[in-house]
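Number of protein chains: 2
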Amino acid sequence: MGKPASFSTKDRILGAAEELFAQHGFAGTSLRQVTSHADVNIAAVNYHFGSKENLVNEVFRRRMDEMTAARLGQLEQARSSQPGDLRAVLAAFVEPALALAQDRQSGGAFVRVIARAYAEKNDNLRKFLSDHYGHVLREFGKAIGACVPGLSKEELYWRLDFLAGALTYAMADFGLIKRPHNISEAAHRSKAAQELIHFAEAGFRANARTPDSSLT
Amino acid sequence: MGKPASFSTKDRILGAAEELFAQHGFAGTSLRQVTSHADVNIAAVNYHFGSKENLVNEVFRRRMDEMTAARLGQLEQARSSQPGDLRAVLAAFVEPALALAQDRQSGGAFVRVIARAYAEKNDNLRKFLSDHYGHVLREFGKAIGACVPGLSKEELYWRLDFLAGALTYAMADFGLIKRPHNISEAAHRSKAAQELIHFAEAGFRANARTPDSSLT
DNA sequence: GTCTATACGTGGATAGAC
DNA sequence: GTCTATCCACGTATAGAC
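Protein sequence lines correspond, in order, to chains A and B.
Numbering-wise, the first sequence is residues 1 to 216 according to this note's numbering.
Numbering-wise, the second sequence is residues 1001 to 1216 according to this note's numbering.
Since the hints were made in silico from the structure, they are not lab data.
Please read all numbers here as calculations on a predicted model, not as lab measurements.
Every residue, glycine too, gets a C-beta built ideally from N, C-alpha and C.
Incorrect hints may appear among the rest.
Per label pair, the in silico range of CB-to-CB distance [said to hold, decoys possible]:
#1 A:H24 <-> B:G1050: 17 to 25 Å
#2 A:H37 <-> B:S1036: 31 to 39 Å
#3 A:H132 <-> B:Q1077: 42 to 50 Å
#4 A:G84 <-> B:F1128: 41 to 49 Å
#5 A:S51 <-> B:S1080: 40 to 48 Å
#6 B:E1053 <-> A:K142: 37 to 45 Å
#7 B:E1053 <-> A:Q33: 16 to 24 Å
#8 A:R126 <-> B:S1036: 43 to 51 Å
#9 B:R1179 <-> A:R104: 36 to 44 Å
Construct the complete structure from the given sequences, taking the supplied hints into account.
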């Protein structure tokens, strides 16, 4: 499956959708705009994707898979070359995410899909995210736990959620901090990553509030 | 302006909208549903609010103002009765937000408005949020800075953004952590607040990466 | 299998009568 | 201020051409 023919209708729809979603959001982009940009018929979108919602999810999944691979790869490298280094583990979690979020082509759309799961009561999307994103989180949970002994699993998961939240916020570029005009996007992103890693490192190293393990 | 007459059309629309938005999201709630519940004519919503988007913002603003007042009140109390206590300042920031997010009536709708600003390219809403929410953040920035001397303003604001992100995530109940069936919502929320405060406290106390002040 | 033309129902919004 | 009637864009479904 998947003919290697030049650029299929399906691919053209995905490309146009990603670009338009990133620029104008989901509600702000009609399927008629998408099919017009992709130069295909309006009905093609429902033929290939079933619904607008499904199209959104497919646009997202492509990039999500890339990011997951980048994260797990960087994590593996950190584990083998810098075992026990919490900062390296956190970097593997944070850096690929911020890199993707900043991508001019896909970044905007990517961040918005996650936010959409908040914004609308969309349990399907939520479940999809937790099924896949959850696995990555648990992998990082193990790695972090190995760097910070004496932290209960419950504490660890609470703090992972806080990190994920702070990261999502940073990906959406939503806070008070704005990039100064005289520094590049890449430099700003690098700074954000370093600051977040530093902040989270201290957070993870804070004493456990619910010690469930021995004091050996 | 604002006749104290029993319950105006406008109020009934606001009430019905808040309930339905919280239950079914924004896209999942039509104005016809809202006006039907409020027992007013479909055109009334556009007469009183101009657009659906504006109605959403008004629903949000009511609760946002409540939360802001609660936060600033609790902050003032912390400053006077426990000066220099970082945990008390963080509690003033975190607790009113989680309390509101959990409110069965308004909580769902409230969290979703914030998420909507991520999810859709809505610069008006974004600006509105930064104008108001930004002021509160800066106030808390001052208070936190007073508790953690030696932190540059830039560091402080980065970390405030991280806290706000983690808090938003927690408000949306979005992470791995799920409330166990045998503990109440109130207890779970209280636990979330304590965990987040503990995590953030350590984060704020981490050494500054860009020391711009003396080492006195 | 793929794609097109076309139609349906619902949504938010508006103009104008009362 | 409020309501009725109406408009137009939207997502979606279907029938049939290639």
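Hint by hint, here is what the structure shows:
1. For the hinted restraint 17 to 25 Å between H24 (chain A) and G1050 (chain B), the CB-CB distance of approximately 21 Å keeps it satisfied.
2. At roughly 37 Å, the beta-carbon separation of H37 (chain A) and S1036 (chain B) lies within the given 31 to 39 Å, and the hint holds.
3. A hinted range of 42 to 50 Å for the beta carbons of H132 (chain A) and Q1077 (chain B) is consistent with their spacing of about 44 Å.
4. For G84 (chain A) and F1128 (chain B), the Cβ-Cβ distance of about 46 Å falls inside the hinted range of 41 to 49 Å, so the restraint holds.
5. A C-beta distance of roughly 56 Å is found between S51 (chain A) and S1080 (chain B), which places it outside the suggested range of 40 to 48 Å.
6. For E1053 (chain B) paired with K142 (chain A), a C-beta distance near 44 Å keeps the hint of 37 to 45 Å intact.
7. Range check, E1053 (chain B) to Q33 (chain A): Cβ separation about 19 Å, and the 16 to 24 Å hint holds.
8. Taking 43 to 51 Å as the suggested C-beta distance range, the pair R126 (chain A) and S1036 (chain B) does not conform, at roughly 28 Å.
9. Remark: the range hint 36 to 44 Å for R1179 (chain B) to R104 (chain A) is upheld by a beta-carbon distance near 39 Å.
The structure does not agree with the numbered hints 5, 8 stated previously, though it agrees with the rest.
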